[in-house]
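Starting from the known structure of chain A, fit chain B onto it as the hints suggest.
Those sequence lines, one after another, are chains A and B.
If you count by the working numbering, then the first sequence holds residues 29 to 890, one letter each, in order.
If you count by the working numbering, then the second sequence holds residues 546 to 664, one letter each, in order.
Keep in mind that the hints were calculated from the coordinates and are not lab data.
Keep in mind that this is a model prediction, so the values were computed, not measured.
Keep in mind that the hints are not guaranteed to be accurate.
[What the hints assert, rightly or not] Derived contacts from chain B toward chain A, CB cut-off under 10 Å, selection only:
{"no.": "1", "residue": "580"}
{"no.": "2", "residue": "589"}
{"no.": "3", "residue": "592"}
{"no.": "4", "residue": "597"}
{"no.": "5", "residue": "601"}
{"no.": "6", "residue": "608"}
{"no.": "7", "residue": "609"}
{"no.": "8", "residue": "617"}
{"no.": "9", "residue": "624"}
{"no.": "10", "residue": "626"}
{"no.": "11", "residue": "627"}
[What the hints assert, rightly or not] Among the chain B residues that face chain A by a calculated CB cut under 10 Å, a handful are:
{"no.": "12", "residue": "583"}
{"no.": "13", "residue": "590"}
{"no.": "14", "residue": "593"}
{"no.": "15", "residue": "602"}
{"no.": "16", "residue": "606"}
{"no.": "17", "residue": "620"}
{"no.": "18", "residue": "622"}
{"no.": "19", "residue": "625"}
The beta-carbon is built from N, C-alpha and C at its ideal position, and this holds for glycine as well.
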Amino acid sequence: MTRNRRDRDLQEEMDAHLRMAIRDRMERGQSQAAATSAALAEFGNRLLVREVTRDMWGWATLERLLQDCRYGARMLRKNLGFTTVVVLTLALGIGANTAIYSVMQAALAPLAIPEAGRVVMVWTENAKRDWHQFPASVPDYVDWKASGVFSSLGALSDGGFNLRMADRTDRISGLNVTPEFFAAIAVQPHLGRVFRAEDGQPGRSQVAILTDGLWHSRFHADPSVVGSSIVLDGVPHTVVGVLPKTFPVFAQEEIYAPLLFPADMAENRGSRFFQVVGRLRPGIPLASAQQRMAALERRLSMQYTDDAGHSVALQPVEEASVEDERALLGILFGAVGFVLLIACANIANLLLARGTARRKEMALRVALGVGRWRLCRQLLTESVLLALLGGLVAIAPSLAAIRFITSFHLDELRNSDLIALSPGVLVFNLALSFATGILFGLVPAWQAWKIDVSGAMKEASRSNTGGRHQRLRGLFVISEVALTLILLVGAGLMLRSFARLRSANPGYDPHNVLTVRVALSDQQYAAPETQTAFFERVVREARSLPGVLNVSAVDDLPGSDNLHGSALRFPDRPEPHTEDLRMVLRNSVTGDYFATMRIPLLRGRYLNERDVQSAVPVAVIDEWTAKQNWPGQDVVGKSLKLGVKLPPRQIVGVVGSVDQGILVKLLKGQVGQVYLPAPQAPMPAMTLLLRTIMDPAALIPAMRKLVRNVDIDQPVFQVQTLESIRAAGRAYQRLATSLLGSFAAVALLLATIGIYGVIAYNVGQRTREFGIRMSLGAQRLDVMRLVVRQGLVLAGAGIAIGLAGALALTRLLSRLLDRVNATDPLTFAGVTGLLAVVALAATFLPAWRATRVEPVTALRCE
Amino acid sequence: MATKDRYLNRIELLQGTLDMLILKTLQWGPQHGYGIIQAIRVTSSDVLQVETGSLYPALHRLERQGWLSSEWKQSDSNQRAKYYRLTSAGKKQLASEQARWTQLSSAIASIMSPEGEAS
Numbered sequence: 029m030t031r032n033r034r035d036r037d038l039q040e041e042m043d044a045h046l047r048m049a050i051r052d053r054m055e056r057g058q059s060q061a062a063a064t065s066a067a068l069a070e071f072g073n074r075l076l077v078r079e080v081t082r083d084m085w086g087w088a089t090l091e092r093l094l095q096d097c098r099y100g101a102r103m104l105r106k107n108l109g110f111t112t113v114v115v116l117t118l119a120l121g122i123g124a125n126t127a128i129y130s131v132m133q134a135a136l137a138p139l140a141i142p143e144a145g146r147v148v149m150v151w152t153e154n155a156k157r158d159w160h161q162f163p164a165s166v167p168d169y170v171d172w173k174a175s176g177v178f179s180s181l182g183a184l185s186d187g188g189f190n191l192r193m194a195d196r197t198d199r200i201s202g203l204n205v206t207p208e209f210f211a212a213i214a215v216q217p218h219l220g221r222v223f224r225a226e227d228g229q230p231g232r233s234q235v236a237i238l239t240d241g242l243w244h245s246r247f248h249a250d251p252s253v254v255g256s257s258i259v260l261d262g263v264p265h266t267v268v269g270v271l272p273k274t275f276p277v278f279a280q281e282e283i284y285a286p287l288l289f290p291a292d293m294a295e296n297r298g299s300r301f302f303q304v305v306g307r308l309r310p311g312i313p314l315a316s317a318q319q320r321m322a323a324l325e326r327r328l329s330m331q332y333t334d335d336a337g338h339s340v341a342l343q344p345v346e347e348a349s350v351e352d353e354r355a356l357l358g359i360l361f362g363a364v365g366f367v368l369l370i371a372c373a374n375i376a377n378l379l380l381a382r383g384t385a386r387r388k389e390m391a392l393r394v395a396l397g398v399g400r401w402r403l404c405r406q407l408l409t410e411s412v413l414l415a416l417l418g419g420l421v422a423i424a425p426s427l428a429a430i431r432f433i434t435s436f437h438l439d440e441l442r443n444s445d446l447i448a449l450s451p452g453v454l455v456f457n458l459a460l461s462f463a464t465g466i467l468f469g470l471v472p473a474w475q476a477w478k479i480d481v482s483g484a485m486k487e488a489s490r491s492n493t494g495g496r497h498q499r500l501r502g503l504f505v506i507s508e509v510a511l512t513l514i515l516l517v518g519a520g521l522m523l524r525s526f527a528r529l530r531s532a533n534p535g536y537d538p539h540n541v542l543t544v545r546v547a548l549s550d551q552q553y554a555a556p557e558t559q560t561a562f563f564e565r566v567v568r569e570a571r572s573l574p575g576v577l578n579v580s581a582v583d584d585l586p587g588s589d590n591l592h593g594s595a596l597r598f599p600d601r602p603e604p605h606t607e608d609l610r611m612v613l614r615n616s617v618t619g620d621y622f623a624t625m626r627i628p629l630l631r632g633r634y635l636n637e638r639d640v641q642s643a644v645p646v647a648v649i650d651e652w653t654a655k656q657n658w659p660g661q662d663v664v665g666k667s668l669k670l671g672v673k674l675p676p677r678q679i680v681g682v683v684g685s686v687d688q689g690i691l692v693k694l695l696k697g698q699v700g701q702v703y704l705p706a707p708q709a710p711m712p713a714m715t716l717l718l719r720t721i722m723d724p725a726a727l728i729p730a731m732r733k734l735v736r737n738v739d740i741d742q743p744v745f746q747v748q749t750l751e752s753i754r755a756a757g758r759a760y761q762r763l764a765t766s767l768l769g770s771f772a773a774v775a776l777l778l779a780t781i782g783i784y785g786v787i788a789y790n791v792g793q794r795t796r797e798f799g800i801r802m803s804l805g806a807q808r809l810d811v812m813r814l815v816v817r818q819g820l821v822l823a824g825a826g827i828a829i830g831l832a833g834a835l836a837l838t839r840l841l842s843r844l845l846d847r848v849n850a851t852d853p854l855t856f857a858g859v860t861g862l863l864a865v866v867a868l869a870a871t872f873l874p875a876w877r878a879t880r881v882e883p884v885t886a887l888r889c890e
Numbered sequence: 546m547a548t549k550d551r552y553l554n555r556i557e558l559l560q561g562t563l564d565m566l567i568l569k570t571l572q573w574g575p576q577h578g579y580g581i582i583q584a585i586r587v588t589s590s591d592v593l594q595v596e597t598g599s600l601y602p603a604l605h606r607l608e609r610q611g612w613l614s615s616e617w618k619q620s621d622s623n624q625r626a627k628y629y630r631l632t633s634a635g636k637k638q639l640a641s642e643q644a645r646w647t648q649l650s651s652a653i654a655s656i657m658s659p660e661g662e663a664s
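Just chain A, with the same shape it has in the complex:
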């Protein structure tokens, strides 16, 4: 029998019952009206009788679920205001989680490598010298390869290439790899082949392999490119293959070329430039591979002084590929999780209050034989329905958030192009909504389970909330406040770090400076003199551009990710132990650099155009280096060495220290800086700096044209103003700051609503008590104090717990913080103050309302 027919049948059965009852009464002499009303009264609530009878039909689970859903939907429609508030709260919480999950899913997608767990990065470690995940030297690589641990072990080093196109030359990033690299990854090329042992050997034609990205962006995905010739660094290369889209990315590379070890590195254990990736030999588990490599490295470290104290770490490549992302994503995911928990606490509180209002309905249902289990399930269905609705609405904010996140163009993030509302993300959204519904639905279900039927029925109209509910509500608010405080501290630290980064004096003047990078190809500018000549010519010609004050060039801008360091030695002191050597940053600059950057001269002189290659080797050091190494002495005229075999250099000047950026700070705290004249230390890649009197961006076209006229094969890239480089900071930091900031704002809003809701509800409950107190002589101020105190106790407890949690958790943030300690007392104090003030404000309104209670009215409402 169908449900509808059965329903009609039941309806008729009950109608017949009533008709017979009325007839009997009329036969006993009652009037029709009296008989009808008496029969109806005796029958009881027809709707409920029908409902509880229906329950006996033993429907299939699905049908029962449908019925529960229909019931739930009816209840939600009936309380439209409540439903709207809850759905919007959930949409914010679930939407934020969905968006962050879409980022996680993209970034943490497994690598498309066969048996990826067997592919490892091999790193050099040296705790004493603070080396973590250091690259390897050529002899290391050769020894490791002979260990028998790996079926193939490849070396790679990242670099850039100048790719000549029809009308221009582009700078692209690439990897130089040994043929074993492709054997270790073991992914078949999309087209053509990977490198063979003979590729790149002297006397053979040059070859290259394209990534899928480059193939699409520059070659229109034309399959005939395989076998054709392209010009890299001014030299023709034959394209032998194209890699699939899923090929793992190591350093944002777009092209691969064979790696040839320079002859001078073959025996040099101190030159560490190569990353090493290998596939474990079948049958050797990771742990025993690690042991065997450690044993090998112990032998090497005893044999060679350059390797003293070294050890080796094998890191699965999957782990290596997400290492950087993991911290950021973990923090963001934790933060959105907190927001959702806060939202749940708020909703649970709303449901608690509503559950009290619905007690009689529930009690009646239980009395009429609806099982408690059934009642709980019905209420859970209602909550889940509510949550699913929230999840559906959440799609709008999550789409907006995804668009916001992708607008940061996080190139460092793996698969950032895959961040989207994919089916997997939608499934997550659904699952999360469901779980959320169950979570906050436990509250009304638990309430229904505990319901005391005769108590609820006996109660007078005034609902009396048990102390138990009040305590539960308080607990929810305390946890909300605690979670909010943690989020606020996190956001506060990020904001402070960001603000400091922007306002701190970097030691130079970043305004009105255009920076343009040029990387000369090794093949066209093999001789160092030609490199110097190129940059000197460009600098000279750029001086005549309109509006230009100074022009100079430096190999690495302060704060760049690309650094050159040297160990500092002193000709007049004994050779120190290897581990006692101090690293300094080494920069090659053309004469005008300090004037362009406006780095102040403290002693001696700047470098100038007379410091040519044939002149006395000189150097300028920064103040910090001078203080560290020659405390209390006049350093001008002293000498330093930047390598055992290199000639001593005379210090001719001391300049102000500059901000070295987050990378150096994280690794070393602060290091010294040594500036060398470019003719005495030529570099193939330099950044040109132009200080202008007007907007520096206006010079970009002229500068591009100028470099093209000098040599069409040398592209300019990283064209930006110094100010924008500094303001931008790292995209990660900016993203984390804005996301954490908005999450914290949402959390604060929700917590405020939560505190207000509980206090207001409580004041409503205690109206009569306040009336009595005031009629017994209590002043308005006393009542107010009573209410405010309750709010402050809740907020205080939450803040105390939150502070403890924040101290434990903000440590995770330290990687993203610059110039701010993760336990920065000012941030902690400020955020605590803010939360306390907001909590006080949320308490104040209900407290004020409590003082407006008229004793007489309050007593009469009983």
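Here is chain B on its own, set in the frame of chain A:
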């Protein structure tokens, strides 16, 4: 208030025994819901008043368990009503419940009024 209390107490009283009372009532022949309530009330001399909210769920449950079957028929007073009848499984169930009830009530009776006290 007071009526509600009594109503609740009665529900509790009937819990577990309502099924047996229904089966017993139907032993005398098919009857509709209203008739069952009247029969139980009259037979118990107005002590037991079965609520519709208990009766109808019980009837529908017993039917599902296969102890009752139902059909629409004209009543004595020429009204259409749904009549419930005992099935053979229902008869067996009644017999076993009756046996258990007799056992239980004599056990309770011997506790409540032991022979020694009566003499």
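Against the structure, the hints come out as follows:
A least Cβ separation of about 8 Å between residue 580 of chain B and chain A falls short of the 10 Å threshold, and the interface hint therefore holds. A distance limit of 10 Å between C-beta atoms decides the matter here; for residue 589 of chain B the minimum to chain A is near 17 Å, and the interface restraint is violated. With a cut of 10 Å, the hint placing residue 592 of chain B at the interface with chain A is violated, because the nearest CB-to-CB distance is about 16 Å. A distance limit of 10 Å between C-beta atoms decides the matter here; for residue 597 of chain B the minimum to chain A is near 5 Å, and the interface restraint holds.
Restraint check, residue 601 of chain B versus chain A: the minimum CB separation of about 4 Å is within 10 Å; hint holds. Interface restraint check: residue 608 of chain B against chain A, minimum CB-CB distance 8 Å, threshold 10 Å, status holds. Contact between residue 609 of chain B and chain A, as hinted, is supported at the beta carbon level, the nearest pair being about 5 Å apart and thus within 10 Å. Using the Cβ-Cβ criterion of 10 Å, the hint placing residue 617 of chain B at the interface with chain A is satisfied: the shortest such distance is roughly 8 Å.
Contact between residue 624 of chain B and chain A, as hinted, is supported at the beta carbon level, the nearest pair being about 6 Å apart and thus within 10 Å. With 10 Å as the threshold, the beta carbon of residue 626 of chain B comes within range of chain A, its nearest partner Cβ sitting at about 5 Å, so the hint holds. The beta carbon of residue 627 of chain B is positioned within 10 Å of a beta carbon in chain A (closest approach about 5 Å), and the interface hint is therefore held. A least Cβ separation of about 8 Å between residue 583 of chain B and chain A falls short of the 10 Å threshold, and the interface hint therefore holds.
With a cut of 10 Å, the hint placing residue 590 of chain B at the interface with chain A is violated, because the nearest CB-to-CB distance is about 18 Å. At its closest, the beta carbon of residue 593 of chain B sits 14 Å from a beta carbon of chain A; the interface hint therefore is violated under the 10 Å criterion. Interface restraint check for residue 602 of chain B: the shortest CB-CB distance to chain A comes to about 5 Å, inside 10 Å, so the restraint holds. The interface hint given for residue 606 of chain B holds, since its Cβ lies 4 Å from the closest Cβ of chain A, which is under the 10 Å cut-off.
Hint status for residue 620 of chain B: holds, given a least beta-carbon distance of 7 Å to chain A, under 10 Å. The closest approach between the C-beta of residue 622 of chain B and any C-beta of chain A is roughly 7 Å, which is under the 10 Å cut-off, so the hint is satisfied. Against a cut-off of 10 Å between C-beta atoms, the interface hint on residue 625 of chain B holds, since the closest Cβ of chain A lies about 6 Å away.
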